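Number of protein chains: 2
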Amino acid sequence: MKEINLDYAAATPVDEKVLEAMLPFFTEHYGNPSSGHNLGEKPRQALEEARAEVGRLIGIEEPGKNKIIFTASASEANNLAIKGIVTAGKRRGNRIITSAIEHFSILNQLRSLEKEGYEIVKLPVDESGLVSPGQLKEALNDQTILVSIQVANTEIGTIQPIKELVAIATEQEIPFHSDATAAAGWIPLNVEALGVDMLTLAGDQLYGPKGAGALFVKRGIRLRPLIEGGIQEQGLRAGTENVPAIVGFGEAARLAYTHLQKRSEQVASFRDKLKESLFKEIPHLHLNGHPEKRLPWNLNISVEFVEGEALLMRLNMEGIYVSSGSSCTSQALKSSHVLDAIGSPPELAQGSLLLAAGLKSREEDIPGITEKMSEVASLLRKMSPLYHQYLKEAQNNANV
Amino acid sequence: MKEINLDYAAATPVDEKVLEAMLPFFTEHYGNPSSGHNLGEKPRQALEEARAEVGRLIGIEEPGKNKIIFTASASEANNLAIKGIVTAGKRRGNRIITSAIEHFSILNQLRSLEKEGYEIVKLPVDESGLVSPGQLKEALNDQTILVSIQVANTEIGTIQPIKELVAIATEQEIPFHSDATAAAGWIPLNVEALGVDMLTLAGDQLYGPKGAGALFVKRGIRLRPLIEGGIQEQGLRAGTENVPAIVGFGEAARLAYTHLQKRSEQVASFRDKLKESLFKEIPHLHLNGHPEKRLPWNLNISVEFVEGEALLMRLNMEGIYVSSGSSCTSQALKSSHVLDAIGSPPELAQGSLLLAAGLKSREEDIPGITEKMSEVASLLRKMSPLYHQYLKEAQNNANV
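First to last, the sequence lines map onto chains A and B. Residues in the first sequence are numbered consecutively from 23, following my numbering. Residues in the second sequence are numbered consecutively from 23, following my numbering.
Bound conformation, chain A alone (with noise of 0.2 Å):
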């Protein structure tokens, strides 16, 4: 059976030639970067080298001005950003700003923060999945000590408009952190230029290893490490680093710095394509997400009287894999946050596909996948009572 990968946005195989530059780092150059011997020169180097490359993709020319962390996960690098500012006390205040469709590791650590006494505003977004920069304005305070607002959304592709968003923090002089992980090797990004105080990156989304992410951190940020011990990564994240994953993430960051255009305009056409086909042959469809301020690779569809869990299974079966939405909480079959953020009435947010495009989608299976999609949503609309109901009523709306 033929399979085709459309849900990229879970995961991306690493590149081969990010395989090649991590391997030597295993067995040949395996020593501890902080070792004062020749054994951690080469790992040492490594690192710094991979540093450069990940801030290069971000807009950092400048070596003095590079200040990358590295952690094992955006996940991780979200904790970071938030709970590092929070527990550096170097604020105060206790109004932290965010958005209603953002990662669960903004939105559940922020719960946690709720939890210990700290004031939680989470802006609405309108049914594009934008944020609006006056409710912004309006909701900071001089009680307000971070505002975390994402690059985009990895479900439904939504740019924000960032640089407008900092801008309003910045003019108050309020830290801004924004998580990038679905946003970059994708569209271009320039730390300097947004504005912003720390960016949250991962490198398994620009076909990277797993196990390596980074924080980006504005010189004059303060913040408490997660993990503390040994002095590593600027005294902000103790313990050995994961040296291949991180040249991985490195090269992949190079890689994907170089080819950015390309790459985007090439998951851009396939996704247009597939949209096109999609929307063509199958009734009932729904677009979810802005229709052009959108993430290059994301397609986020609702299929009317249909269960997204249930045409996830079933195209499983057809050798077609795709999600309901973030592959962090997939498990936990609840209805996506953000199609709910969007106003989605909940038949539609349950049946959301996020069809993400990768580097090895091919046009050529465009009518293949259209079929199926539609083979599968037409039988599984056929066991919906709520179908049945409509076409009564539309029936008897022509026969009036």
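Hints listed in this document are in silico derivations from the structure and should not be mistaken for laboratory results. If you're wondering where the values come from, they're calculated on a predicted model, not measured in any experiment. Worth double-checking, as some hints may not be accurate.
Copies of the same chain look alike in the list, so a pair counts if it works inside one copy or between any two.
[As the list claims (entries may be wrong)] Below, in silico cross-link-like pairs of lysine-lysine (DSSO-like), each with a Cα-Cα straight-line distance of 30 Å or less:
# : residue 1 : residue 2
1 : Lys-382   : Lys-64
2 : Lys-24    : Lys-302
3 : Lys-24    : Lys-64
4 : Lys-64    : Lys-394
5 : Lys-39    : Lys-64
Put chain B on the given structure of chain A with help from the hints.
Below, chain B alone, put in the same frame as chain A:
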């Protein structure tokens, strides 16, 4: 120039079999274990197999009793254990007991907790590095919420009477965490027989890859996650699992378990012969740590009249790689807190060297190592004013 690594405590190369086990998970089985479709299946299975292997290494045969939480490092596991239990807030009290010779990922977070108002009791150790069970008993009171004492010390190799120590805490229903990073794979460990509530491990200490640590947590122990977000690792550690590294850790644990006795005997034999040779040829040597109760790979010596850092640098130029203590602090150029704790006088503590044998250490290299160390020690000794003072006094005493 022939290179000889005597610093396997800082890093071990990844075993060829381990790397082989990992490779398919970078490019072929690259899926996200949380995915509901087929691409998540193989990674998910592999995670559970690795969990079983790591469990087996610490004596867990029944899957139901296996609550292994994978982390990115031993430092993270240590932080999860201590901060996790403290912030879960299930226990009343503010006293935490530890030893003076723990790893910095224990001591530095306890220093932070001390600033927050916790009472931290650092038990002293005797001149061989042993904690006294009697002193632990005296230190416990009804305010004690946790004891954290390592299985064995990475710097001086001393193995604690953990079973006895655990029994004392358990009698008073106080949870016991133990850092087994330096010990796992080198001495038999059985969490049930030991009675510990939490145990820290790391893959890169046993020929597994960097980037994979683990915390064993006994059923009934409640922790708050350090990294909040998705529901991975039983809700105790959010973020996409580093599947290749965890698979590597599992294979390394399997190999370590299978060959434990042979490996231990092999490194102990090398270590003992090296020790004999060095003590025969080099004057003014002192052994640090317990003469028998010590890890099989560990040799820690002080060279009187000679500064360890200078010795390390000279040996490095000769292609012999040793460390002056913990690699997490080697860049900090501080004297070792472990040697201070065993009452080593500053002039000896400054001259301490950790010689950590590994599976590739060869007995035929011992004469060469001895010769070079003897030469370098002799050269440095002659540059020491203290040595000349010592010679003069010896001369005077002889003349009397």
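Structure-based check of each hint:
1. In this homomeric assembly, Lys-382 and Lys-64 come within 30 Å of each other (Cα to Cα) only across copies, at 20 Å, whereas the closest approach inside a single copy is 33 Å.
2. Taking identical chains as interchangeable, the C-alpha atoms of Lys-24 and Lys-302 lie at most 30 Å apart only when both belong to the same chain, with a minimum of 24 Å there against 69 Å between chains.
3. Within a single copy, Lys-24 and Lys-64 get their C-alpha atoms only as close as 43 Å, which misses the 30 Å cut-off; across copies the closest is 17 Å, which meets it.
4. In this homomeric assembly, Lys-64 and Lys-394 come within 30 Å of each other (Cα to Cα) only across copies, at 24 Å, whereas the closest approach inside a single copy is 51 Å.
5. For the identical chains of this complex, Lys-39 and Lys-64 are neighbours both inside a copy (19 Å) and across copies (24 Å), given an alpha-carbon limit of 30 Å.
Violated hints are absent here; each numbered hint is respected by the structure.
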